[in-house]
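Trainee: Two independent chains are provided; combine them into the complex using the hints.
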Amino acid sequence: MDYVIEMNNIRKEFPGIVANDNITLQVKQGEIHALLGENGAGKSTLMNVLFGLYQPERGEIKVRGEQVEINDPNKANDLGIGMVHQHFMLVQNFTVTENIILGSEPTRRGAVNLKKAEKDVQEISDRYGLRVDPKAKIEDISVGMQQRVEILKTLYRGAEILIFDEPTASLTPQEIKELINIMHNLINEGKSIILITHKLKEILQVCDRCTVIRRGQGIGTVDVEGATESSLAEMMVGREVNFSVEKTPASPKDVVLDVQDLVVEDARKYDIVDHLNLQVRAGEIVGLAGVDGNGQTELIEALTGLRPVKSGKISISGSETSKYKPRKVTEAGVGHIPQDRHKHGLVLDFTIGENILLQTYYQKPFSNKGILNYNKMYEKAKELIEEYDVRTPHEKTPARSLSGGNQQKAIIAREIDRSPDLLIAAQPTRGLDVGAIEFIHSKLVEERDKGRAVLLVSLELDEVLNVSDKIAVIYEGKIVEVVEADQTDEQELGLLMAGGQKEAGEATT
Amino acid sequence: MMDAVRTKWMGLLIPIISILLAFLAGAVIMVLSGNNPITGYAALVSGIFGTPYDFGETLQRMTPLIFSGLAVAFAFRAGLLNIGVEGQLIVGWFTAVIAGIVVDLPTLIHIPFAIAAGALAGALWGAVPGFLKARFEVHEVIVTIMMNYIAMHVTNSLIRTYFLESGQRTAIVNESASLESTFLSELTNFSRLHWGFFIAAAACVVMWFILWKMKRGFELRSVGYNKNASMYAGMSVKGNIVLSMTISGAFAGAGGAMVGLGTYGYANILPAFTNIGFDGIAVALLGASTSIGIFLAAFLFGGLQQGANMMQATAGVSPELVEIVIALIIFFVASGYVIRWAIDRIASRKGEK
Ligand SMILES: Nc1ncnc2c1ncn2[C@@H]1O[C@H](COP(=O)(O)OP(=O)(O)OP(=O)(O)O)[C@@H](O)[C@H]1O
Ligand SMILES: [Mg+2]
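Line by line, the protein sequences give chains C and V.
So in the numbering used here, the last one in the first sequence is 509, and the numbering has no gaps at all.
So in the numbering used here, the last one in the second sequence is 353, and the numbering has no gaps at all.
With the rest of the complex left out, here is chain V (with noise of 0.2 Å):
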């Protein structure tokens, strides 16, 4: 009996001790660097809760971090590394930009519509990896790492030759395809939450029910668990590669759609990447690639970006420290295995007295 409890409990407790070793580790680089981590780590902590601005911003940050965690997690279960969701965001954001100025409806069709563009569109760049490794045995790897290059520089140039309007953006998209909300803005002491939030929780509800409710989840699952076994059960082992980097890459597009719509209101060229899509595969692993665990890891993650701000501000700590403890993160949950071991090893050390 207690070997059920302490498996069920196992989940929970890798990405738990992770994320208390890493700010251990934290506190002890910040007195190295002559800083209180006291102050600093309540510094951290009022920057995401202190005021309605600071959570409201975090809500915000952690809007597109969920979906870009969510198309990692969804090609990962299918047994795919989709490293593209970065460029499929980009497009995702773009297009949705593009929609939201160009075309005039009313907004209940409008913001549906503009999302629906963006996901498409990040569906289309993710579709493409899938069936070059469904039909040639590209490895996805490769062809997503190009395909964010690519995504970031056609957008870039069609941005700077169709649609610059002001310095080095694109218009502002039109009211009745905006995501903004002055309720949740003035409730939030005017950050820029918007309704993306209730979207992208939304998403995690939709990735939940199609992996784990419907026949295309099941047979996403078992090609992600066994080729061999899958295909004699007569599933189409490709169709599901290139379906699942089709939907992981609709969820990095409707993501870029909630930067687009919501954060921004334009589209702008992009100097570098957005690291959006790259932190998505951070929160996919500290999450464990449940829908839940994904929600609290954007969580996370977007509460550190935010209160990094603060740590500077009011206790002097760089906000690099922060990308350390997020990497600290991501280190400890990779080698979770270790920590699973020690775990066992305490167990098993107390079974015995």
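For reference, chain C alone in the conformation it holds in the complex (with noise of 0.2 Å):
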């Protein structure tokens, strides 16, 4: 038996919308297959299928050849298939162990035994060199080391097959380093993997075969062997997609963001943004690049009114904001695409089209005397999803039956749409397909264009390379160093990130 996972013809379809239509994808053992997709293109769908989450209307699925009826995870876990979902499922006030052996402990006389539960999960750890700490609670770990709590939760139960839903897209670049690591640790051991990734060079890294899904339909499988980038992304999207980002010189103007001698603490009054000093100006794109965790996220915050200043100041087109409230930054002309989209992004059990009003709902002609036009509401919602392209049955299903992919673009529109004067675009690429990005930040180059101020914040260099018309580096709180975009490289960038100097040749030039 050559397969250890068959799914042959998979259909399944949700209220609206047939997300899985006539879809088979075949496993080899020890392989790393990639699924790939657009967004909304049925992937988590068909993996929650394979995961016994969702039932299939249709079609046959074979787990080392043999036909089986995946009813429920606990099934899949016999069968001895585990999944990482891309929202992890961890229960934020328990240790690594209890929450790994959460609905299996091991009992001794009807009691917990959680030493040996401890010690197992010490040793499987060290076995994939995964390096966690058993005792360590979840909510002081960081996201990397959360999802290799989910890595080893699915080792623990037996897992030979892992499912991978979009694991990188949270993940910073040393850690996607890390993870591909494990991954080879794991194959070498015997697993098999499904990896779903909308980072096509991961794919060409790491995968050995790939299944490409277009809008449901099965669109085939390829060795990723004499695939390139472009061949995985036109089969994908069914046209050529561009990867350089086109546009002209910038033309920077007046100042539009100013901040000067900021200090912003954090959760455990350490000041992590520390008298930083930034600008922004009108007809400029300016990329934040740097490690993950030197202040960016309390940086945002801080702009956005959602932080308070501890000193220093911050103007907006000429007023101080430092103090306003986030209604009044967004009012000064501020537009935010916030980096943890469920956080902060979206309110998941109201409807799309209510999410994609977030911003504006209070206002003229959406309502009136304190009384809301929901027509005017949807109408206004339904333009933007189809300028934007989210992919919904309708605009008043729920944001949370969207993909991911689609909840961020929904985002996305309502932000730009506005075409405010300084755009603070937090990771707004993550978890988009190459078609949705090449959208996005044709968008953002528009916005640029149309005068306004741009201020990116990624941790994917390639992203504030291509996009930016300057790049502030961002260390231990402070911008150490602004570049041109088109006079540095991924080298010096992450030297400067790291805390490097810049090159005394170098900066003459």
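If you're looking for bench data, these hints aren't it; they were derived computationally from the structure.
Please note: incorrect hints may appear among the correct ones.
Partial chain V-side listing against chain C, Cβ under 7 Å, derived [claimed, not checked]:
hint: 1; residue: Phe-218
hint: 2; residue: Ala-233
hint: 3; residue: Gly-234
Far from chain V, by Cβ distances over 12 Å, these chain C residues were calculated [unchecked claim]:
hint: 4; residue: Met-235
hint: 5; residue: His-336
hint: 6; residue: Asp-486
Nothing here was measured: the structure is a model prediction, and the numbers come from that model.
Don't be surprised by glycine CBs; every beta carbon is placed ideally from N, CA and C.
Mentor: Have a look at this one:
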């Protein structure tokens, strides 16, 4: 038997939409198999079918050649299938071990045997190089570490086939490297992996084969050897994709955002933004590059009124906004694409239409004397859904049931459509497919050309280098250097981000 | 398409199945305790619909339940658990009655005035825990529970010291402030049905309007679902917490006014809680925090309470059984997840065949 997993002709419908229509996926023992497709193509749905969370309307599933019916995740576990979801499912104030054994606690005479569990967890962690502390509390560990806990959880339950749904979307570049190592370790130990990712480089780097789906249809499976980024992209989108951002040189005008000597505290009262100075002008895109945790998050929150300013000054288009509440900041002409879409960006239980109006519902013509005009609201939402190609069956569909990438597109539509004087875009393309990324990048450039100021915060150097005109490097809460985007490269940025100095020779050029 | 229909009806199906299961369990209990469930339930039904009087009393009983249900639901929509509806209702009752006694106004002004006084008292009683939650992050459940006791003892002592008229109660409210209706009463064989029933029905529309038509309602629901995103969108999270508790309290207080101005016409020293406020939690839960749902759930609970009398009188079933049925309904609704899962199971099994 060649394949560990065979999903043949799977069909899965949701209200108003066919998420999977006749998809076939065959995974060989010991391979890393990529699942590629646009936002909303049906990748997560297909994997949820395999993991027993959804029942398919049609099609058969074979595990190691034997036809099976997977009605719930426990059954999937029994068959050796484990899944690491994009949004983790961990209990925050439990320890790593407690989370891992939750639901399958080893007991001795009826009592949970935590000691043994901790030992087992440590052992698995060592074997695959996960470097997880079994006794740490979830709330105290990084996102990357939490993800490794999720991986451990599947391994602890004896998973032989691991499903990763966009594991790298929320990781830092360093964490991504570690994850790739871990995946190699898993393969060496005889496991098989299905990997969903929008980053074509990752597919080329780690995967053996790649199955492409488009709008719920299976397009085909190819060997990764011999494939290129553009061949994969074309297969997935159905047209050629332009990877480099097309733009003319910037013509910066007046200063829109002026940050002087800004100090902001983090939750532990530490000055995480430490006397920071930064300017963004109308008509330019400034990229903020830095290793995660150097104050980017707190800086954005301070700029948008979500976090108090300890000292220093923020001005937007000439008026001081340091003490403004979020609504006043917005009205001062700021748009904000937040980095955590589920925390700040969306009310998941609202409809997607309501979410698109989340910043403007109180203004005319949507609201009049305290009464909302839902017709007008949904009209507007419909317009933006079309313009930004948000794939949803209806504008009244709950935001929760949109695919991750389409949720993101709705947020971007909401923030860019107002054409704010200053657009703060934090990880704007996280979880988007290459086609959507191309579109969003061109939108950012379009805003710039309209004379808006854009601050782009991204952990991905590619993106920062491609889209920005200028790059400000943040390190330990300060801007340590501002460089022209076309006069620098990944290497130099990497050095600066690690706190290194710009070489004297280059500085003069 | 199957799916679309299924999700749409699921919201309705779960409460109905819960009710049926609860009645089924009630029947089993009746059999075990040596009663005939058929005669038992027949008595219950005739206790609700049998005579105009019974039906009038059912509507009378459901009137304050609608208000307490709305109060719980309104806070719940904003993400808050208002366990203090009981206390807010008590202060509303008391204040409305006092406003009905001490002033003399033309009817058309006096009734709204007395109801408004009750609603205002309830609103204040609800605003306090709302404020403490917003300002100091004190959990609303603890504060509201404490304020229930304060409400009962303070009103009791005020009645005892200042307003005691005969026995354990205040004077009867002035004619001009009374919600009593000879017309409705005669229509229903001299039940205590009063105009308050229509006010309660109107209150359902008011809650629906605030939550689903008004800008404020949009904000309240948003805060209830996701505080961070609401803050990001420029809404005042603290302001909305206080506001939702205030409006919730106003609903409760108005419910108290219905009892004071309509059912009894006076306020009395309470030996224990009325339980109307606590029943509101069950009403809101069964009604899925929607206006229509609350109206129907209040009818069910009001009817069960009314029909319980007849069950005892004609079928010899103890009224405690009705309370067990009510408790079971709540239990089954609360475990709606399990029912949903079971429906899904059955439906998908059918789909395959
Ligand atoms: N629980 C659900 N209820 C209703 N519709 C859903 C549900 N889950 C997914 N969908 C719909 O099914 C389609 C496929 O969604 P899915 O999440 O599988 O996409 P995806 O390929 O994972 O996309 P992304 O790359 O954006 O994560 C989308 O149109 C989505 O709106
Ligand atoms: Mg997905």
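Trainee: Which numbered conditions among the earlier hints are violated in the structure presented, ordered from lowest to highest?
Mentor: 5
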